[in-house]
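2 protein chains.
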Amino acid sequence: MYSYVPPIDDYRFLLTHVLRFDEAMAEVCKDVDADLAITVLEEAGRLCADRLQPLNREGDEQGSRLVDGAVITPPGFADAYREFVAAGWPALAASPDHGGQGLPFILQLWLDEMLSATNLSFGLFPGLTRGAVEAIIAHASEDLKAAYLAPLVSGEWTGAMALTESGAGTDLALLKTKAVPLGDGRHAVTGQKIFISSGDHDFGGNIVHLVLARLPDAPPGVKGISLFLVPKFLPDADGGFTVRNSMSVGALEKKMGIHAQPTCVMNYDEATGWLVGEPHRGLAAMFTMMNAERLMVGIQGLGIAGAAYGQAASYAKERLQGRSADGTRNPVAIIEHADVRRMLLTIRAFVEAGRALAGWTALQLDRAHAHPDAAERAKADALVALLTPVVKAAFTDMGFESAVQAQQVFGGHGYIREWGMEQYVRDARIAQIYEGTNGVQAMDLVARKLPLSGGAVVEGFFDLIAADLDTTDMPIATRTREALSKLRDVTTSLRGASVDASGAAAVDYLRLFALVAMGWMWTRMAAAAQDDTPLHNAKQSVAAFFAQRMLPQADALAASIMAGETTLMALEADAF
Amino acid sequence: MYSYVPPIDDYRFLLTHVLRFDEAMAEVCKDVDADLAITVLEEAGRLCADRLQPLNREGDEQGSRLVDGAVITPPGFADAYREFVAAGWPALAASPDHGGQGLPFILQLWLDEMLSATNLSFGLFPGLTRGAVEAIIAHASEDLKAAYLAPLVSGEWTGAMALTESGAGTDLALLKTKAVPLGDGRHAVTGQKIFISSGDHDFGGNIVHLVLARLPDAPPGVKGISLFLVPKFLPDADGGFTVRNSMSVGALEKKMGIHAQPTCVMNYDEATGWLVGEPHRGLAAMFTMMNAERLMVGIQGLGIAGAAYGQAASYAKERLQGRSADGTRNPVAIIEHADVRRMLLTIRAFVEAGRALAGWTALQLDRAHAHPDAAERAKADALVALLTPVVKAAFTDMGFESAVQAQQVFGGHGYIREWGMEQYVRDARIAQIYEGTNGVQAMDLVARKLPLSGGAVVEGFFDLIAADLDTTDMPIATRTREALSKLRDVTTSLRGASVDASGAAAVDYLRLFALVAMGWMWTRMAAAAQDDTPLHNAKQSVAAFFAQRMLPQADALAASIMAGETTLMALEADAF
Numbered sequence: 001m002y003s004y005v006p007p008i009d010d011y012r013f014l015l016t017h018v019l020r021f022d023e024a025m026a027e028v029c030k031d032v033d034a035d036l037a038i039t040v041l042e043e044a045g046r047l048c049a050d051r052l053q054p055l056n057r058e059g060d061e062q063g064s065r066l067v068d069g070a071v072i073t074p075p076g077f078a079d080a081y082r083e084f085v086a087a088g089w090p091a092l093a094a095s096p097d098h099g100g101q102g103l104p105f106i107l108q109l110w111l112d113e114m115l116s117a118t119n120l121s122f123g124l125f126p127g128l129t130r131g132a133v134e135a136i137i138a139h140a141s142e143d144l145k146a147a148y149l150a151p152l153v154s155g156e157w158t159g160a161m162a163l164t165e166s167g168a169g170t171d172l173a174l175l176k177t178k179a180v181p182l183g184d185g186r187h188a189v190t191g192q193k194i195f196i197s198s199g200d201h202d203f204g205g206n207i208v209h210l211v212l213a214r215l216p217d218a219p220p221g222v223k224g225i226s227l228f229l230v231p232k233f234l235p236d237a238d239g240g241f242t243v244r245n246s247m248s249v250g251a252l253e254k255k256m257g258i259h260a261q262p263t264c265v266m267n268y269d270e271a272t273g274w275l276v277g278e279p280h281r282g283l284a285a286m287f288t289m290m291n292a293e294r295l296m297v298g299i300q301g302l303g304i305a306g307a308a309y310g311q312a313a314s315y316a317k318e319r320l321q322g323r324s325a326d327g328t329r330n331p332v333a334i335i336e337h338a339d340v341r342r343m344l345l346t347i348r349a350f351v352e353a354g355r356a357l358a359g360w361t362a363l364q365l366d367r368a369h370a371h372p373d374a375a376e377r378a379k380a381d382a383l384v385a386l387l388t389p390v391v392k393a394a395f396t397d398m399g400f401e402s403a404v405q406a407q408q409v410f411g412g413h414g415y416i417r418e419w420g421m422e423q424y425v426r427d428a429r430i431a432q433i434y435e436g437t438n439g440v441q442a443m444d445l446v447a448r449k450l451p452l453s454g455g456a457v458v459e460g461f462f463d464l465i466a467a468d469l470d471t472t473d474m475p476i477a478t479r480t481r482e483a484l485s486k487l488r489d490v491t492t493s494l495r496g497a498s499v500d501a502s503g504a505a506a507v508d509y510l511r512l513f514a515l516v517a518m519g520w521m522w523t524r525m526a527a528a529a530q531d532d533t534p535l536h537n538a539k540q541s542v543a544a545f546f547a548q549r550m551l552p553q554a555d556a557l558a559a560s561i562m563a564g565e566t567t568l569m570a571l572e573a574d575a576f
Numbered sequence: 001m002y003s004y005v006p007p008i009d010d011y012r013f014l015l016t017h018v019l020r021f022d023e024a025m026a027e028v029c030k031d032v033d034a035d036l037a038i039t040v041l042e043e044a045g046r047l048c049a050d051r052l053q054p055l056n057r058e059g060d061e062q063g064s065r066l067v068d069g070a071v072i073t074p075p076g077f078a079d080a081y082r083e084f085v086a087a088g089w090p091a092l093a094a095s096p097d098h099g100g101q102g103l104p105f106i107l108q109l110w111l112d113e114m115l116s117a118t119n120l121s122f123g124l125f126p127g128l129t130r131g132a133v134e135a136i137i138a139h140a141s142e143d144l145k146a147a148y149l150a151p152l153v154s155g156e157w158t159g160a161m162a163l164t165e166s167g168a169g170t171d172l173a174l175l176k177t178k179a180v181p182l183g184d185g186r187h188a189v190t191g192q193k194i195f196i197s198s199g200d201h202d203f204g205g206n207i208v209h210l211v212l213a214r215l216p217d218a219p220p221g222v223k224g225i226s227l228f229l230v231p232k233f234l235p236d237a238d239g240g241f242t243v244r245n246s247m248s249v250g251a252l253e254k255k256m257g258i259h260a261q262p263t264c265v266m267n268y269d270e271a272t273g274w275l276v277g278e279p280h281r282g283l284a285a286m287f288t289m290m291n292a293e294r295l296m297v298g299i300q301g302l303g304i305a306g307a308a309y310g311q312a313a314s315y316a317k318e319r320l321q322g323r324s325a326d327g328t329r330n331p332v333a334i335i336e337h338a339d340v341r342r343m344l345l346t347i348r349a350f351v352e353a354g355r356a357l358a359g360w361t362a363l364q365l366d367r368a369h370a371h372p373d374a375a376e377r378a379k380a381d382a383l384v385a386l387l388t389p390v391v392k393a394a395f396t397d398m399g400f401e402s403a404v405q406a407q408q409v410f411g412g413h414g415y416i417r418e419w420g421m422e423q424y425v426r427d428a429r430i431a432q433i434y435e436g437t438n439g440v441q442a443m444d445l446v447a448r449k450l451p452l453s454g455g456a457v458v459e460g461f462f463d464l465i466a467a468d469l470d471t472t473d474m475p476i477a478t479r480t481r482e483a484l485s486k487l488r489d490v491t492t493s494l495r496g497a498s499v500d501a502s503g504a505a506a507v508d509y510l511r512l513f514a515l516v517a518m519g520w521m522w523t524r525m526a527a528a529a530q531d532d533t534p535l536h537n538a539k540q541s542v543a544a545f546f547a548q549r550m551l552p553q554a555d556a557l558a559a560s561i562m563a564g565e566t567t568l569m570a571l572e573a574d575a576f
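Chains A and B supply the protein sequences, listed in that same order.
If you're matching positions, the first sequence starts at 1 in the UniProt record's numbering and goes up one per residue.
If you're matching positions, the second sequence starts at 1 in the UniProt record's numbering and goes up one per residue.
Just chain A, with the same shape it has in the complex:
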């Protein structure tokens, strides 16, 4: 049985050599240095490897079940969740103002990597709770904050986001759930929502749903959507939360993967709810949740890719099959075969660059929240906005592709359930879809993020990359410079593009953007890995692989982007 090995050495290398953590946090989070950060990550890694990974296979086989209207999670999940809460993990990066530990967000993001690597279904519970916390902090009344925030921050209670309806997914303008004011600040919320992660469970504690619905006087479309806090248990006269709200789990969705995660069809039947934020401004509040979630979802792809890599590399070193290249030894471990190495290196080149890029983005998020200089905050905030769709979409696409490659290393055994490789594939697949499909992310990047500050944000990001590339003439830097030049060209060509032209280019554009950003991170890592140690030597090798075997995709992507929309739009709809 494979045991997950947390990537602590890589975290340490990134914090100390690449991201210069202490320096980046100097004006932001003074109490934490790299040593403390590593200690926290080591502790988190032990929890994930020892407690959560062992539940993952069985969680997939058993799944969550709906029994007499209540969700029963797979064996061990409730106990593990209680331990997770008791150890304080949900509050890791939350503000001390709300009972959090106030640690940098990079620790949260890398904890999320390890959670996703070992048990994605489990990791969604605290993940969605954090989204709810963000929305409540940003938009809810003081009364709601006083009642709900502390137990959500601690993880004693959990959160759920109830947005999608069967006829309203990407396009929330079409949603039909109603909220009728009762005159005393309460609302009666009625409707059906689908795909509600963590909609119910057996962990104990309240479950706080944030539900998008329409007020009676709502204008049509997205400007008529409001956000409501709808808890499973309502406050009673004694200040406890014991009164069952009129909401119920209609069914559990039968899904391709994340079987342990109770993805609910939720029915609200005049359920009591309170408005969060302004009437008809629910979409803004929802995006507060979504943006926090999107970085986390990107990391899910990365986490699964890292775990799949570890398991495939371990198998490749043990599995004896075939002859050595010189013909003298037979059988040999399949790690000797060039094509097996190609598959593994393809995964690793993504995982390590992605880990670095996610870490860099997380540092910007902390700077955006807490830097003393307002201009620095704004600059960092814009960079996070720019990179969020890139991390979400590119990491989950490459995460899925990585899981598929890792499964391929196992040959026929990869298709058999017991090895767990096919579970990675099935679980990873959801991350390309939820929190906004990857196509939606790509349109967000091209149509909303590129125009930020008249293009100055993206140009500023490219300048940052260029400055780092110019510090070295290693091949990875040279190749990334070429790719960056192509990226700048296509960025210019997309300025002011029509909706169709943007849509035609968006997915390829986002992939090219991610490729350049990863090349940038490989350049920084290669430049920082100058010692003759196994880790530093491996960084040089994988950087060279990325330069030679992955960066050439930039040409193809640029050509595809420049092809424009005509070919796509020419065919009549009926001819599809």
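Accuracy of the hints is not assured; some may be wrong.
If several chains are the same, the list does not tell them apart, and a pair holds so long as it fits within one copy or across any two.
[Said to hold, decoys possible] Here are the simulated lysine-lysine pairs, BS3-like style, with alpha carbons at most 27 Å apart: (1) K317 x K255; (2) K176 x K317; (3) K317 x K254; (4) K379 x K30; (5) K486 x K145.
For the record, the hints were derived by calculation from the structure and aren't laboratory data.
Keeping the supplied structure of chain A fixed, place chain B upon it in accordance with the hints.
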């Protein structure tokens, strides 16, 4: 509920306009013209759409089960199989010498496309039987042929290939199953085999296993492997087959997909078997089966891609979500969104070119078997050998990618089981693995097929392509010419390459090869589609899409191929 629409119009277009079926078959199979072929395909399409597709979802949910040592297939499978046999479909392309109908192999291959599109688990039963038939015809004694061939050809009995063991997959040299001669022509076969498709079922009739095993005097390695015919039921004194052989199903493999297909762990416990072919020459006999199967497996990827496309296109025309590009209409069918079109066209550009290329290859197979001129037979045979790994690997890789893209069109609904899109993904995945993983196919192409006749076979194929490209100056021809030029360059550079250099390049090389071959087929289709009809106009549109958006990948692939093996082999095995 989506109903599968057999691609009859496309078959007709290909037979009459592109592949010039009547001309190609003139000296090979005189009794069949394009009209008759279409009639057969229409009949096959009805069977697949009306009888097999409706069993596919439930087959996935129920799966085959092992009850008291016997396999129970999902509801409806046994009846459907009996109908399939009664209608004569298993014998479609088999030789009349053995009770077959002697129709051209292209009809078999396109029947396989429709079987895979509607019910891959079902299609494997006749598919594996055909492999067994091929091996018996080519290698078995007259006695064995007399006893086993006719009921296998008719499909009354089925076949299974028992090759893999837990320690011997790609590398069959490691297999341990023993066969001890009993002195009367019979052998006692003992060992355990895994991943045995159609190893048992409840369709009635005998199940004829072709088992690889070692004779007592076998030399080690692949030169000590022999092939044995081991039937579930042995002949009795009255000429019936009623005596149960000592072989049993140890377990059904729990798999990612093809749940309806009973993939068995088989135990042979001094089971009675007969040698097929020469002692110690079992691998040659096995490759007779494998080569027939590999084209079929490639078609499985294509079939699923076509079905997934049809279902996704149908959904995209109905699903209302989002705003029209000009902002005036809301909601609109998502087929209006450029990125949805990009996904659909990517699938379609593969499916239609793949269907044409598979058809062309199938015609070569018939010419290889039945052309009166020996030189033509040899030429065609070499082309089939060259293209078999390309069809197997490229079509199954692109088939899987297509299923994933089609699932993405459905957003969150694609992740839910009831829509069936995630089943396409899970089912399609196996085709990249079995009958030799796609990495093995790529090595077969580079290390065994490129050197055929000192390189003359591949050069001859490139000349064929070049001659067709030179007949037109349409952009698809121009772009394909550029890609062919790159392919010729890298082919030259791989001549005499080391094992590691071949392995490092193989997968990318095969993909580039397939891209050029598909560009060639798009050129032929575009050149033939000169009328102002919906089908011809669509061919022009999709050809332009392929040229602009898919052929640019040739540059990236060529660069990756030229990168050589150094980067792959540099890292120590322990550093993975």
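Results for each hint:
Proximity of K317 and K255 under a CA criterion of 27 Å is satisfied inter-copy only: 24 Å between copies versus 33 Å inside one chain copy. In this assembly of identical chains, K176 and K317 lie within 27 Å of each other by CA distance solely across copies; the values are 22 Å between and 55 Å within a copy. In the homo-oligomer, the alpha carbons of K317 and K254 lie at most 27 Å apart only across protomers (25 Å), although the nearest pairing inside one protomer, at 36 Å, exceeds that limit. In this assembly of identical chains, the alpha carbons of K379 and K30 lie at most 27 Å apart only when taken from the same copy (20 Å versus 75 Å across copies).
When the C-alpha separation of K486 and K145 is checked against a cutoff of 27 Å, the pair qualifies neither within a copy, at 48 Å, nor between copies, at 64 Å.
Against the hints set out earlier in the document, a violation occurs for number 5 only.
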